[in-house]
Amino acid sequence: MLKNRIIPCLDVKNGRVVKGINFVELKDAGDPVEQAKVYSDSGADEICFLDITASNENRETIIDIVRKTAKECFVPLTVGGGVRTIQNITDLLLAGADKVSINTAAVKNVDFVKEASKKFGSQCIVVAIDAKKVSENKWEVFTHGGRNKTGIDAAEFAKKVEENGAGEILLTSMDKDGTKSGYDVDLLQTITNSTNIPVIASGGVGTLDHLYDGIVKGGASAVLAASIFHYGEYKIKDAKEYLNSKNVSVRL
Amino acid sequence: MNVTIVDYQSGNISSVINSFTEVAKGKINLQVTSDIKKIKSSDKIVLPGQGSFKSCVDSLNGISGLVDTLKDFAIVNKKPLLGICVGLQMFADIGYEEAETRGLGWISGKVSRINNQNGQFKLPHIGWNEIEIQKESRIFKEIKNKSHMYFVHSYEFIPEDKSVISATTDYSSKIVCSVERDNLFGTQFHPEKSDKIGLKVIDNFLKL
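Chain order of the listed sequences is A and B.
First residue of the first sequence: 1, per this note's numbering; consecutive thereafter.
First residue of the second sequence: 253, per this note's numbering; consecutive thereafter.
Worth flagging that the hints you see were computed from the coordinates, not collected in a lab.
All of these numbers come straight from a predicted model, not from anything done at the bench.
One should not assume that every hint holds.
What the hints assert, rightly or not - Here are some of the chain A residues that sit facing chain B, going by a computed Cβ distance under 10 Å: (1) Leu77; (2) Gly96; (3) Asp98; (4) Phe120; (5) Gly151; (6) Val248; (7) Leu252.
Virtual Cβ for every residue (Gly too), placed ideally from N, Cα, C.
Next comes chain A alone, as it looks inside the complex (with noise of 0.2 Å):
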C-alpha cells in the first residue's frame, strides 16, 4: 500500500539554509547540500527546498544548490520559491529538481500552470496554496508570504489547479505556520475532500502527534515540517516510528 511521505523543508536564503539543524556531526550547519544529504540519510521520503531569497538576481545560486543535491540524494527533491516563469522551471529540472513548486505565478495565471504541466508532466508540478481563515469554514488565498489578500476562496482554487494539471497540492496554514501548534486539520479536510490529487500538509507542526493529524484526520497525503526536524528535536525516524506504532503505514 501507498506510504505516507514525510517531507523535511529547509528554507534557503542567498544560498544559506535558515534556521538549520543544529547536529552536531555537521561540518557546517549552513549549508543546503549538506543539510539534505542528511535528512536523506535517515529516511526522508523526499526532500523540499523553499527559496526565500529576496531579490531575483540570486536565482543562479539556489540552482547551484540543487545541481549539487541531486548529484547526493536520490530520493525526489522540490523546489519552491519565485517560481514564476517556463524559464524558472527548466532551469531548476535540468538542475536535478523532481518537482517545482508554484506560488504566487498560479494565483496570478493559472494558466501557467496549465502550460508548465502540459510542457512537464502534471507529475513535477506542485502547486503551493498559502490560506487564511477569513471566517467559519471558509479560508483564502494569500501570496507574498501572507502579506498580500487575494479575495480567492482556497477550496476552489484548489479545484481549478487541479483542473489545470497541478500533480500536487502544498497546502500551508498562514494562521498556523510558525506556531508549532499543529496543522488547520479544518483547512486539510476542506481541501482534500474537495480534490483529487495529493495534498501536503504544511504549517504549524510542533509535535510528532501533529504530524498524525494531518494524515489522519485532514487525509493529507505528506506531511511537510521544517523547525521540529531542523532544531533536532525529532530525527525522522522517530517521526516515522511514531507514526508506525499508531498503524499510519510509512515506509521504513
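Got chain A; can you put chain B on it based on the hints?
This is chain B only, laid out in the frame that chain A set:
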C-alpha cells in the same frame, strides 16, 4: 561497456543521468544522446519517459530512425534495454493518455488510466509503495520482496501476456510495476529516485 540514456526531449531526465552516473562511477561509459550511430554501438540502453504517453511517443517518432534503431536493438537483437515510467508504458500497443496513441508494440497490451474507484484513490499515484515480486527478475537480484520504490503516475500498463510481469504494486488494484522478457526490462517506478534500493536496481541492470 557503453550505456546510452536516450535523450529524446521526453522531459526531465536529470535524475536518471545523476543516478546512473553515481552507480556507473567511471566503470562504465555513460552517454546521453539521441544519436542513432551511438545508440547502435551501445551495449545497453535506458529509455526514460516523463510527461504524457502521447508526448513521449510523439517525441520518439520525431527523431528520424530512432524507433527502428531501438526496435533492432531490443527486439531483433535482444540487447538489454530498460524503460522507466513512460519509457516502460511505451512498450505497449496503445495508450489512452491525452488521445488514443499507438505505442511501440513491443509487448502486447494497453496503457489506461488507473481506476481511482470514484475518487477513493488520489491520482497521480505519488509516493513510496511496496513492490510485490511476481517472478525472478535479474534486475531484482538481492532486492527483497516488499521493498519500497518511488512512484509517480496516473496511468498503468496492462500487458496481455501476464508472464512478462515481474512485480506489481497495490494501489486501487494490483498495478504492474515491472516487466521482464528476454533482455527487455521496464519499471513503472523510478529507480533513480528510490534511494539506495533504487540504485541497486540500476546496478543490477548495469551488471547484466
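task = May I ask which of the numbered hints given earlier this structure violates, with the numbers listed in increasing order?
result = 5 and 6
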